[in-house]
Structures are given as structure tokens and as C-alpha cells.
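Line order of the protein sequences matches chains E and Y.
So the first sequence is numbered by the working numbering: it starts at 1 and just counts up by one.
So the second sequence is numbered by the working numbering: it starts at 1 and just counts up by one.
Worth double-checking, as some hints may not be accurate.
As the list claims (entries may be wrong) - Listed next, the in silico SDA-like pairs over lysine to any residue satisfying Cα-Cα at most 25 Å (straight line):
id	chain 1	residue 1	chain 2	residue 2
1	Y	Lys42	E	Ala87
2	Y	Lys1	E	Ser38
3	Y	Lys1	E	Ser59
4	E	Lys41	Y	Pro8
What the hints assert, rightly or not - Taking beta-carbon pairs under 10 Å as the criterion, some of the chain Y residues facing chain E (in silico):
id	residue
5	Val13
6	Tyr31
7	Asn32
8	Gln34
9	Leu44
10	Tyr76
11	Gln99
12	Tyr101
13	Phe102
14	Gly105
Don't read these hints as lab results, they were simulated from the structure.
All residues carry an ideal CB built from backbone N, CA and C; glycine is no exception.
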Amino acid sequence: ETGVTQTPRHLVMGMTNKKSLKCEQHLGHNAMYWYKQSAKKPLELMFVYNFKEQTENNSVPSRFSPECPNSSHLFLHLHTLQPEDSALYLCASSQANYGYTFGSGTRLTVV
Amino acid sequence: KQEVTQIPAALSVPEGENLVLNCSFTDSAIYNLQWFRQDPGKGLTSLLLIQSSQREQTSGRLNASLDKSSGRSTLYIAASQPGDSATYLCAVFRNTGNQFYFGTGTSLTVIP
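Here chain E stands alone, though its shape is the one from the complex (with noise of 0.2 Å):
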């Protein structure tokens, strides 16, 4: 483990239905991260929560909503998804500018 604990680790879902991912630290991380990975794709920014607050959404769809209740955990919850949105989801942490650390992942498939 490396201090960033994502569940679940796999996920199948339908269109018409609504889970959430969970990400949960304990690093003492200020800044935490959702990232989509897609098949021969560089990794994507999502969102960006900085001590709580949202400080960056990167012209993500409203079908992807995130929310952070505090420091330590962040959610992503997916309601109404398309196919084309299976992809691995990682989440992230930092502490300032020292680096990231990730999460193993949750590989979505969207049926």
C-alpha cells in the first residue's frame, strides 16, 4: 500500500446507473487528485481539490461529480456514464510541491 487507498478496485456498472469511487489518505496530504487513465492514453486531470476546496475542474463532464469532506477522503461519484468513459481512475495526493502519490486505481467498464 502506498498510503493512498482507493476502493473499489474494480467496478462494473450500467448507463443508467450511479456508484461512487472512494479515495482515502492518511499522509497528512493537503491537496488531493482524480486522474483517467484510457487505453494508449497520457493521464488525464480531472479535478483538483486544494484543503478542501475545488481549485481545478479540467472541462469535465457533469456526469462526473466530485466531493471532498475533508482532507483525508475524496469521492467521485458517476451517475448516467457512456462506454467511451471505462477507463482506469486514479487518485492522487501531494503535500505543497513534494510530490505525488497514487493510489492503485479503479478500473471502470461502463456497460
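We have chain E; now place chain Y onto it with these hints.
What follows is chain Y alone, placed relative to chain E:
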């Protein structure tokens, strides 16, 4: 906007060889640069973090260098092993903004 490029995109070497992976970035105003390893379907594992004031960092068989003025970093892997097979990503943290900018990665295969 910061752009990060990694060359080559893929590399295949026989076991035991020393190799160099390259990373270049367009904006030299960076705080630090981080090298990661990613195994298929898994998250990213941090290998080395170089602060902007540093020239290199070493960990075991890995050595990463940073030349801010030319916008380049290299990751040197000594005596490669099949277990080194993975995708290697570099990421640059700018002086402004609160995010890393990632390269597209180098896929490394070490042949036994």
C-alpha cells in the same frame, strides 16, 4: 502551458543492459520533476523526485538527472532486469498552478 514529451515511446533491451529514458519539458519554471513506474492496469509508483534546485537523485540502480535550463531529465537504469519491465512516466510540477503535467510514458521491456 507546460508540455512534457518522453522519448522513446517504447524500448526493448536484453537483460543486463544499462539504459536511458528521456523526458523533455517546454517551461523551465518548475518546482520539481518526478519519475514514476506503472505496471499494466495498476497505479503509479513513485521512483524518484528531483527538486528544482537539485541536479540528480539516486535510488539503487536508478539515477535521475535534471537540467532545467535545457528542459530535460533522464532516468538511467543500470543492469536492467526483467522485473524492470513497465511503463515509465515523468511528471513536472510548475511554479504556478497546483498540478503535475505528465508525459506519455516509455514502455520498457527487458528480455531475459
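message: I'd like to know which numbered hints this structure contradicts. Please list them from smallest to largest.
response: Hints 5 and 10 are the ones this structure does not satisfy, whereas the remaining hints hold.
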